[in-house]
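Just so you know, the protein sequences line up as chains C and G, in that order.
Just so we're aligned: the first sequence equals residues 1 to 203 in the working numbering.
Just so we're aligned: the second sequence equals residues 204 to 669 in the working numbering.
Careful: at least some of the hints might be erroneous.
[Claimed, not checked] Chain C residues, not near chain G, derived (Cβ > 12 Å throughout):
1) Lys-40
2) Asp-125
3) Glu-159
[As the list claims (entries may be wrong)] Simulated crosslink set (DSSO-like; lysine-lysine; CA at most 30 Å straight-line):
4) C:Lys-128 <-> G:Lys-518
5) C:Lys-34 <-> G:Lys-253
6) C:Lys-120 <-> G:Lys-253
7) G:Lys-271 <-> C:Lys-34
8) G:Lys-454 <-> C:Lys-40
9) G:Lys-518 <-> C:Lys-69
10) C:Lys-195 <-> G:Lys-454
11) G:Lys-253 <-> C:Lys-62
12) G:Lys-211 <-> C:Lys-167
13) G:Lys-271 <-> C:Lys-120
14) G:Lys-215 <-> C:Lys-184
15) G:Lys-367 <-> C:Lys-167
16) C:Lys-40 <-> G:Lys-518
Hint data in this document are derived by calculation from the structure and do not stem from the laboratory.
From the three backbone atoms N, C-alpha and C, an ideal C-beta is built for every residue, glycine too.
Listed below are the residues making up each chain.
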Amino acid sequence: MDKFIKLTGVAAPMPIVNVDTDMIIPKLHLKTIKRTGLGKSLFEEMRYLDDGSENPNFVLNKPAYREAKILVAGDNFGCGSSREHAPWALLDFGIRCVISTSFADIFYNNCFKNGILPIKVSEEDLAKLMDDAERGANATLTVDLENQTISGPDGGTVEFDIDPFRKQCLMEGLDDIGLTMKKKADITSFEDQQKMSQPWLYG
Amino acid sequence: MAKTLFDKIWEKHLVEVQDDGTCLLYIDRHLVHEVTSPQAFEGLRNEGRKVHRVDATLAVADHNTPTKDIDKGITNEDSRIQVEALENNVREFNIPYFDMSDMRRGIVHVIGPEQGFTLPGTTMVCGDSHTATHGAFGSLAFGIGTSEVEHVLATQTLLQLPAKNMRINVEGELPTGVTAKDIILAIIGKIGTGGGTGHVVEYTGDTIRNLSMEGRMTICNMTIEAGARAGLVAPDETTFEYLKGRPMAPKGAAWEAAVAYWKTLKTDDGAKFDTEVTLKASEIEPQVTWGTSPEDELPISGVIPDPANEPDEAKRRSIESALEYMGLKPGTPLAGIPVDKVFIGSCTNSRIEDLRAAAAIAKGRKVAATVGALVVPGSGLVKEQAEAEGLDKIFLDAGFEWREAGCSMCLAMNDDKLQPGERCASTSNRNFKGRQGRGGRTHLVSPAMAAAAAVTGKLTDVRDLD
Chain C
1 MDKFIKLTGV
11 AAPMPIVNVD
21 TDMIIPKLHL
31 KTIKRTGLGK
41 SLFEEMRYLD
51 DGSENPNFVL
61 NKPAYREAKI
71 LVAGDNFGCG
81 SSREHAPWAL
91 LDFGIRCVIS
101 TSFADIFYNN
111 CFKNGILPIK
121 VSEEDLAKLM
131 DDAERGANAT
141 LTVDLENQTI
151 SGPDGGTVEF
161 DIDPFRKQCL
171 MEGLDDIGLT
181 MKKKADITSF
191 EDQQKMSQPW
201 LYG
Chain G
204 MAKTLFDKIW
214 EKHLVEVQDD
224 GTCLLYIDRH
234 LVHEVTSPQA
244 FEGLRNEGRK
254 VHRVDATLAV
264 ADHNTPTKDI
274 DKGITNEDSR
284 IQVEALENNV
294 REFNIPYFDM
304 SDMRRGIVHV
314 IGPEQGFTLP
324 GTTMVCGDSH
334 TATHGAFGSL
344 AFGIGTSEVE
354 HVLATQTLLQ
364 LPAKNMRINV
374 EGELPTGVTA
384 KDIILAIIGK
394 IGTGGGTGHV
404 VEYTGDTIRN
414 LSMEGRMTIC
424 NMTIEAGARA
434 GLVAPDETTF
444 EYLKGRPMAP
454 KGAAWEAAVA
464 YWKTLKTDDG
474 AKFDTEVTLK
484 ASEIEPQVTW
494 GTSPEDELPI
504 SGVIPDPANE
514 PDEAKRRSIE
524 SALEYMGLKP
534 GTPLAGIPVD
544 KVFIGSCTNS
554 RIEDLRAAAA
564 IAKGRKVAAT
574 VGALVVPGSG
584 LVKEQAEAEG
594 LDKIFLDAGF
604 EWREAGCSMC
614 LAMNDDKLQP
624 GERCASTSNR
634 NFKGRQGRGG
644 RTHLVSPAMA
654 AAAAVTGKLT
664 DVRDLD
């Protein structure tokens with residue numbers, strides 16, 4: 001997993017509430033057995049017209065936002081299915097950070113496993129960042145994970161909260177399976193106790 | 204200190220709590236299906252890791268499986284490759300698996316309870332958001348992503364932060380024609396699709412207590428549609444009666460010991476919930492969704508809302524966009540909107556009780572000439588039982604198609620899908636744009652309401668058919 005320390009890039013505005021994971025990546029693409037290659041299908045149903053050509057009105061098809069690294073979106077982003085294909089598609093497109101007032105829990109977790117930083121901000125800050133993102137060619141934001149700040153093109157700064165362990169994992173690009181496997185003795189001792197109290201759980 | 208049921212199950216599964224509050228949570232049960240697991244197995248293979256506990260894992264293919272001509276195999280190449288990948292993985296890692304020829308196969312959230320793999324007081328996960336279903340048994344059950352599937356396969360644990368507690372209390376007798384599906388749709392309408400975010404919901408009250416396990420599963424299943432991590436119903440005699448004798452449930456002395464423990468699984472008097480919601484059953488009508496989010500729902504007696512009345516700009520735009528997609532005009536009564544398709548199935552509503560409710564409406568009636576109607580049982584065993592009760596005959600005589608088990612048109616990953624512009628009364632769980640097929644228009648309803656739509660050709664108040 002790539003480390004996430006500081007990111008400067010174009011922020012694309014997506015002022016839609018309840019962006020669900022079916023919108024982010026339709027089920028047709030869930031048939032893949034790989035993690036990569038989904039970027040071209042990101043937001044497919046909004047991004048392409050019925051004949052397969054690009055929808056010129058969709059934000060990521062506009063010249064200023066084609067290389068967006070950050071998404072500024074409406075409330076409850078990532079609701080719906082648990083598909084990790086959603087963050088995989090965002091990442092494959094080049095988006096490393098999503099900013100919203102709230103995220104669905106499973107999507108939020110899935111982001112951290114893939115080096116994507118989901119940032120929760122207040123409604124007031126989201127409105128400000130949405131304004132910044134709507135500036136087309138000037139819609140550049142800098143996300144500084146270490147200092148937990150987002151700086152806009154005018155030099156204004158928004159602070160954000162993040163759980164310290166998730167921050168550390170992102171900043172160091174840690175593999176949490178490897179970390180957990182070091183705790184094997186604790187897991188085994190838990191199982192030994194559980195086998196005594198609830199033997200029916202072991203077959 | 205008085206504790207909630209969620210607090211008790213959580214604490215019982217803590218392997219370690221880090222200084223910053225992150226918990227290493229032990230996972231008792233893991234269901235695996237073909238869509239969200241291939242990359243996880245590949246990860247294990249790349250690192251030379253094994254599956255930590257095959258006895259706590261159960262696999263089945265459900266999303267891609269065809270619901271007719273199954274003896275011909277899977278014709279779509281990508282679907283076939285994904286199911287074959289699962290078959291290769293379960294063989295290589297020695298995981299119990301119900302293959303395509305096995306009567307026990309079906310939707311992962313139907314077969315878990317059916318086999319007694321789902322048990323009270325356990326932690327349970329699956330790479331599927333509708334894992335919330337199993338909360339009906341008092342199991343802390345939640346959906347996870349593929350990286351977490353790999354984490355559970357390798358370590359039988361997950362890194363998690365505790366959730367907040369929400370209680371949703373439903374009191375009183377359900378009016379005739381109103382079902383568990385209507386209760387959960389009404390709840391989602393009330394608290395919104397983000398209303399439960401960060402919470403585990405415990406459902407309480409005599410209305411919930413009086414529901415069958417099937418009804419409780421329907422409610423817990425759609426808890427994720429309210430944004431909550433999981434739903435819970437404390438186990439009781441209804442739970443024990445359902446589980447007794449199931450193939451993977453404990454037997455003999457172990458059964459007695461298990462029930463004694465399960466009886467302790469309830470929220471203490473005076474335990475504090477972060478959020479409380481109350482509904483009166485008597486005020487719930489048969490529900491139907493009109494938009495493209497499960498929170499866009501109204502009683503069948505309602506009319507399509509007017510976005511002009513919504514003061515919030517983002518919400519107004521969202522209603523406008525939903526109505527444009529759905530091809531509906533403000534002020535139109537919901538009852539009477541014509542449908543092209545009816546889908547009875549999915550992990551929300553494909554169990555025997557759901558099929559009985561739909562068959563009770565279908566019996567002696569005919570599917571409208573303008574409608575194509577599909578019944579897809581949740582598992583091979585549900586299908587077998589329905590056939591033993593003669594429900595297949597009722598459906599077939601009425602002009603429904605009677606299919607093989609699978610996820611089918613709930614998410615249209617197999618061949619069962621809506622054509623652009625087609626309108627469907629569906630017993631599934633999501634009415635997102637394109638969910639049942641690109642351009643397809645979904646109205647979520649109960650099985651009885653779906654059957655009523657099939658026989659009248661339009662969204663209909665099931666109570667008017669009696």
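Tested hints:
1. Lys-40: holds, 16 Å
2. Asp-125: holds, 15 Å
3. Glu-159: C:Glu-159 is indeed farther than 12 Å from all Cβ atoms of chain G, at 19 Å.
4. C:Lys-128 <-> G:Lys-518: holds, 18 Å
5. C:Lys-34 <-> G:Lys-253: holds, 20 Å
6. C:Lys-120 <-> G:Lys-253: With Cα atoms ~36 Å apart, C:Lys-120 and G:Lys-253 exceed 30 Å; violated.
7. G:Lys-271 <-> C:Lys-34: Answer holds: G:Lys-271 to C:Lys-34 is near 28 Å, not above 30 Å.
8. G:Lys-454 <-> C:Lys-40: Violated - the C-alpha atoms of C:Lys-40 and G:Lys-454 are around 52 Å apart, more than 30 Å.
9. G:Lys-518 <-> C:Lys-69: Holds, at roughly 26 Å.
10. C:Lys-195 <-> G:Lys-454: Holds, because 16 Å separates the two Cα atoms, which is no more than 30 Å.
11. G:Lys-253 <-> C:Lys-62: It is violated: about 46 Å lies between the C-alpha atoms, which goes past 30 Å.
12. G:Lys-211 <-> C:Lys-167: It holds: about 28 Å lies between the C-alpha atoms, which stays within 30 Å.
13. G:Lys-271 <-> C:Lys-120: violated, 45 Å
14. G:Lys-215 <-> C:Lys-184: holds, 18 Å
15. G:Lys-367 <-> C:Lys-167: holds, 21 Å
16. C:Lys-40 <-> G:Lys-518: Within the cut-off at roughly 29 Å; holds.
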